Every structure is written in C-alpha cells, then in structure tokens.
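A.B. asks: Sequence:
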Amino acid sequence: MRLTHVAHLRLPFGRLLGYEVRAIPAPATAPALPVSFDQRRHVGAGDRAGSWMALSLELPGPVPRERLAEAWLAVIARHGTLRSVFVPTDAGTSSAASPGVPRLREATVSGGAWVEHAVAPGAAVNETLRAVLDAACRPYAAPSHRLCVLETATGPTVVIAADHAHVDMWSMLVIARDFLAALDALAAGRPVRLPVAPAFAEHTAALRDRPPAPIGVHRRWREILGACDDLMPRFPLPLGSTESQPERVELRDVLDVDASAAFSAQARAEGVSTLSLAVSAMTAATRELAGMPLRAVFPVHSRTEERWHDAVGWFITNSVIESSEPDPASCAAAVREAVELGSWPLAEILAPWGGMPEAPGMFAISWLDLRRLPVRVDSLGLRAQYVGAAIRTDGVMLWFILDESGLHLRCRYPDTPEARRNVGAWLDRLVGLMRAHADSSAGGVIRIGDAGFRIERAVRDDVPAIAALLGEDADGREPDDATACRYDDAFAALSRDHAHFLAVVRGADGRIVGTMQLTIIPGLVRGGATRLQIEGLRVAGELRSRGLGSAMLAWAHEHGRARGATLAQLVTDEARDRARAFYARHGYASAQVGLKRRL
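The numbering used here runs 1023 ahead of the 1-based position in the sequence shown.
Quick caveat, the hints were computed from the structure, so don't treat them as lab data.
In this text, all values refer to a predicted model and were calculated from it rather than measured experimentally.
It is possible that some hints are incorrect.
Quick list of the computed label-pair ranges, beta carbon to beta carbon [claimed, not checked]: (1) Ala1141 - Glu1427: 30 to 40 Å; (2) Arg1242 - Arg1608: 52 to 62 Å; (3) Pro1237 - Ala1072: 34 to 44 Å; (4) Gly1550 - Ser1573: 28 to 38 Å; (5) Thr1175 - Ala1030: 51 to 61 Å; (6) Arg1534 - Glu1266: 26 to 36 Å; (7) Met1315 - Arg1245: 14 to 24 Å.
We treat Cβ as the ideally placed atom computed from N, Cα and C, and that holds for glycine.
Turn these sequences into a full structure, and let the hints steer you where they fit.
C.D. replies: Set out below in structure tokens:
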C-alpha cells in the first residue's frame, strides 16, 4: 500500500463531494466516556487543522451516491468511536482553542447530505481536498470524520478521513474493509449486517484498570529519559531552529518485493525479526553519524487481545527504545524491551514528569507490517493509499510500511537547511545499510558442500546464458538470432510483472550455472489458494547430480511461501524421464492431467 502525504496524493480529476453527517453530543448530564492518555494529549493541544489521517480507494466502477452514503452510515453504526465527539471542559471558561481537559461524549449521528466542493481554476484537487479535511476532521469537530468522493466517468475514488484521536492506521483498514463489505451487500440487494464492534472507550477503561507497572519498568523509563535530559528522545543530529517550521516530507521505496524478501530472510538467518534488523540499520546509522545510541519514541499497538482486532480507535501507545549496538541480537532485545515499556498505562509512568516531557526535535519511529495484520483489503486492486495531513513541525517522525510490494518509508521533519542536510544524510545511510543487508542476504545463498552459490533475479545481460542452459536439453545448439530476439521480448514481458521471478544461480566466479522461472498465481480454485508455478529449472551439465537442483527447488518453495503460496506446481515434458524422477523424489505427483495446444 502506498504511504503518502496529501501533497503527494495521486488523485484523478473529477467532481469532489463530501457527505456531511450530523453528530449531536449527549447532554452534559450524561456520563462522559473514558479518555486515553494519548487522546488527552492530542485533543488537549486544542482544535487545529492537520491532525487527521486518511485512506483513499479507487472503486472499480460507478457507484450511486446513495449507496456510498448508506454504506458509510453502516460503518459509523458499527464503531462506537465514530459516534463520539470531544467537547471542551467548562464551556464558560474554556474553548476549543484552549480547552483545558477534553471530555469525550457519545453522540447521535444522523444522515446528512452531499455537498460539492468546487476545485478553483488553477488549483489542484489535492489542495481542495486538504482544505475540506482540515475543516471537517479537527479534534473538536462533530463528528471529526468525513467521507469524500471524487466522481469520474470510470468510477469514484473514495477518501475516508478521521481525526487521529479516533483512529490509527490499522483502524483505517478496518473502516475500509467494512465500507467495502457494506457496498458489496447493497450491490447484491442484501441488507447490510455489520455487527457492532467493541468501542475504543471500553479498551481505554480496560487499560486504565490494569495493575501498576513493575518497578523495573519505571526504572528503565527514568534511565532512558534521563539520558535525554529528562525529555522524550530527540533526533540525534541538529535540525536548526527549535520553532515549528513548514514540514518537509520524504517518501522512499526502500526495498522492492524481492529485496524485502531477502531482507526478511537475512533477519531469519540472524534469528531476529525484520523490525529488529531494521533497528540494527538505524542503530548503525546513528552510531556512524552522531556517535551515540539510537534513542527514539517508539509507538506500539495495544490490540493485545483478539476482540480488539476488528475495532476502530487509537490503539497505539508510546514507548521509548534505546539501542546501543547494531548487533541484531542486541537490537532484538531492545525491541522487546520497548514493547514491554509501552505495555503499561503511561499516565502513571510519566507522572513524575507531569505528563509526556515533549521538546523540539522529538524523534519517533513507527513500524507497520500489513502482511501480518488480520485485516486485509485489496490494496493493489483498489490502488489504496495511506494519506497523511500537512502540518508545521519541530520534530522528526518516521513511518515504515511493509506490504506485498516491499518496504516503504515516509519521513516528516522541519524544512530547515540543517534538517534537510542531517535528516537526509541519516536517511541515505539507513536506506544504504538496509539495501546492503538485502544484497548480501543469506536468503539468496545456497551451499552445496564447500561450494557457495547465489540466487538472483536475472537481468537482461543474463539472457544469453539462460537461453544456453535451456537449450542444453534440446539439441545443445546456441540459439539463432531469431530465437535470441524472442528471448529478449519474453524477458522484457517478464520484467514488467513482478509476479514472475526469473532466477539465475551464480557460482563463486559469477558464472551462471542454473536458472528457473517462478510465478505467483492467485486464483479462486482450490478455495482461493495462491500457487507457485515452477518452470525451466535447469542446472549446468557439470554440476548435475550434486544437489544443486534440489537446493534450487527448496529455495523456490521458500520464495512461494514468503508470497502467500500454499501449493507448488510445475510443468516438465513427458520425454524428460530423469527430470520427472527428480521431481517425484521431491514430493511432486501427477495428480491431474495437463493438456496443451498451440495457439
């Protein structure tokens, strides 16, 4: 899923409409809902623009506005936090701009009306959308969420946004999934049945009732904050002015799908998680450029029980991480400690500092692996994008997103010359280290006795060597020019679609000694199983019967599993008796009859 910013959001041009609903708070005499520590910080900072997050989805065809509105109301009805609003305390002495302690009240939400937001001549759609969401999704708006639609001839692009006090990134996926499910039901003429999910206020109450944090947790918070002058961790290099500045947002695709798989494989070889290996790279970059340990604010999710998986709310609490050495095992221990430090109510832990001791330059690192979440949407088919708002800032915030297309990051920092130089250098070094881990990954290495081989995605210059290997099973001749041209065309087609992995195996001298083509095939057959197709597995003649083919096949199976495949299938000619016997030894059976014809 693309991780982006409202200024970089890819939107079609069309009519921009918002669906405005009414939210009437319960009277002041009604009991207030519990407010989490982070909600209190966020809303207590006052009413302001740019405190929202959003998700955009391109629907595959036209959808009537009435159906969009009905689906959205069904989502609101399911999730209690979307039916709650913040109100200032003591209306006579406070205001939304200076609210004192915010209160959270249940609200009655009723259907509203579609309002068109004109895009001014010469203005970008993004600018108009930003203005709409800045006005509608403020902490004290009632409600503080908005459904917007860009209407085009091919279908609507839907943007769903909400103030951060009510949602996190996981929640946005839940909202999108429920919205799409409601649309599907309405399109089929069925009633929308979205059972009421647990409200975030229930989670806040449960967390508040937890026992006090152990003494050791308090001690480690004191030690880490003490090393930061009794403040939350700050970025380790100078950022220039300590005043809030217009933000600079960098979007980087750190690792593509292959490099991401290699990075994860290297993490497994080290006995750590992918996140821990990323922390290792961040620790090394910080040591090299700043000469100090990595210390940062480290958000951790609090959906520790399954009942919260389908709920919507701000299920994130802040922790701190301190990583002194880039050794992956040490970084894994630092990640485990950070999760533990963030697993207790923060109000009690931070009471000695009078709350969270924020300061200019605060440094935060967020990590989300979408592949591991129990909530999924077709992010590629819907061209889904996570969207951040535009703000002024005095700190550095780094978001990592891992999905089926690779590892991506978004970094926000104050747009000063010093920050451009120092944050940019730190990001460059971090990305370089992560790519180096992927390039040297143990996941791309296979060993046969004392000999080592590396498996890589083929490049165009490898095509003649691949063609020669494929030709060895025919009559041993080098391909003629016409055949070579067809190979080049086929390689170009394979390169455009990353579902295909044309692999080459290189010996220690760099010579290509093996090849195979792997294809990931999603489908509805076999209960919607994703399949791994293996074709053209060849090993150079002098290396056959030495185990290289078996090692390549095992590597192919791991490649498929890492991409969600649950079944491996292959094709070989009936005349290749030795090849058929080889595959049979590795568990392949002729369970079906394959038929072919020329076209």
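A.B. asks: For the range 14 to 24 Å, tell me whether the beta carbons of Met1315 and Arg1245 fit it or not.
C.D. replies: Hint holds: Cβ distance 19 Å, inside 14 to 24 Å.
A.B. asks: Between Arg1534 and Glu1266, does the C-beta distance stay in 26 to 36 Å?
C.D. replies: violated (59 Å)
A.B. asks: Take a look at whether the Cβ-Cβ distance between Thr1175 and Ala1030 falls inside 51 to 61 Å.
C.D. replies: violated (21 Å)
A.B. asks: Quick check: does the Cβ-Cβ distance between Pro1237 and Ala1072 fall within 34 to 44 Å?
C.D. replies: Holds, at about 40 Å.
A.B. asks: I want to verify a distance hint. Is the separation of the beta carbons of Ala1141 and Glu1427 within 30 to 40 Å?
C.D. replies: Check passed, 37 Å falls within 30 to 40 Å.
A.B. asks: Return holds or violated for the Cβ distance of Gly1550 and Ser1573 against the range 28 to 38 Å.
C.D. replies: holds (29 Å)
A.B. asks: Taking 52 to 62 Å as the stated bounds, is the beta-carbon spacing between Arg1242 and Arg1608 within them?
C.D. replies: Distance hint for Arg1242, Arg1608 holds at roughly 58 Å.
Against the hints set out earlier in the document, violations occur for numbers 5 and 6.
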